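Student: Listed below, chain by chain, are the residues.
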Amino acid sequence: KAGVTQTPRYLIKTRGQQVTLSCSPISGHRSVSWYQQTPGQGLQFLFEYFSETQRNKGNFPGRFSGRQFSNSRSEMNVSTLELGDSALYLCASSFKQGARQFFGPGTRLTVL
Amino acid sequence: AQTVTQSQPEMSVQEAETVTLSCTYDTSESDYYLFWYKQPPSRQMILVIRQEAYKQQNATENRFSVNFQKAAKSFSLKISDSQLGDAAMYFCAYRAPDSGYALNFGKGTSLLVTP
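Those protein sequences? They're chains G and V, same order as listed.
Position 86 (the first sequence) corresponds to 86 in our numbering; numbering is contiguous.
Our numbering runs 1000 ahead of the 1-based position in the second sequence.
No lab work stands behind these hints: they were computed from the structure.
Careful, some of the hints might be misleading.
Unchecked claim - Derived coverage of chain G by chain V (criterion: at least 3 residues anywhere in the stretch with Cβ under 8 Å from a Cβ of chain V; other residues may be distant): (1) 54–60; (2) 91–100.
Stated by the list, open to error - Non-contacting residues of chain G with respect to chain V, defined by C-beta distances greater than 12 Å in every case (computed): (3) PRO8; (4) ARG9; (5) THR14; (6) GLN17; (7) LEU21; (8) GLY28; (9) SER65; (10) ARG73; (11) THR80.
Since we're looking at a predicted model, the values are computed, not measured.
Glycine residues also receive a C-beta, built at the ideal position from the N, C-alpha and C atoms.
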């Protein structure tokens, strides 16, 4: 089976813009979680989607949003980008909520 | 809120030697899972080992083993016969039903392996 894929792998944006990141889970996996990794805050949970519904949300402002499609692919969107949003965004998929998570390679977002 | 603490920002080990990475956590839950993840320079998060809290036996995966002390809320990772490919960031993580199964990570330990 192919692993978790994330696109794009690298992204450069400027403050105030918005960005959409994509995650395709392992075939058969219906749960997708998103994490943000920064040098200062470390790895932090953003949200989890299962069967097109947000099941869990971390402590992030409303500028961060996501969705999941019927084929389990997920997107996350960040609006009105700030310099502090520069981070590695990791996506992880699992068969169901609570099952082992498999991580993608991440999307490196740089906000200038 | 659950917290995961890794008190060693950096560790160094010689090839073929053994190293232990420390992790403590804070929780009031009885049902939870603990993990060690490896993140090499490629940034791909790789699961090294996992432990269910209800299991008293320490998990083992080849050269990797844990020392799970539930009462002390300690979960250390031992790497035996260290190899150059073990060099990476290692993250301890906690997961429980009460937090919706979100992974709660420690700050990480950077492991350097010297020849």
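Student: Just pull the numbers of the violated hints for me, sorted ascending.
Tutor: The structure conflicts with hint 4 only, although it agrees with all the remaining ones.
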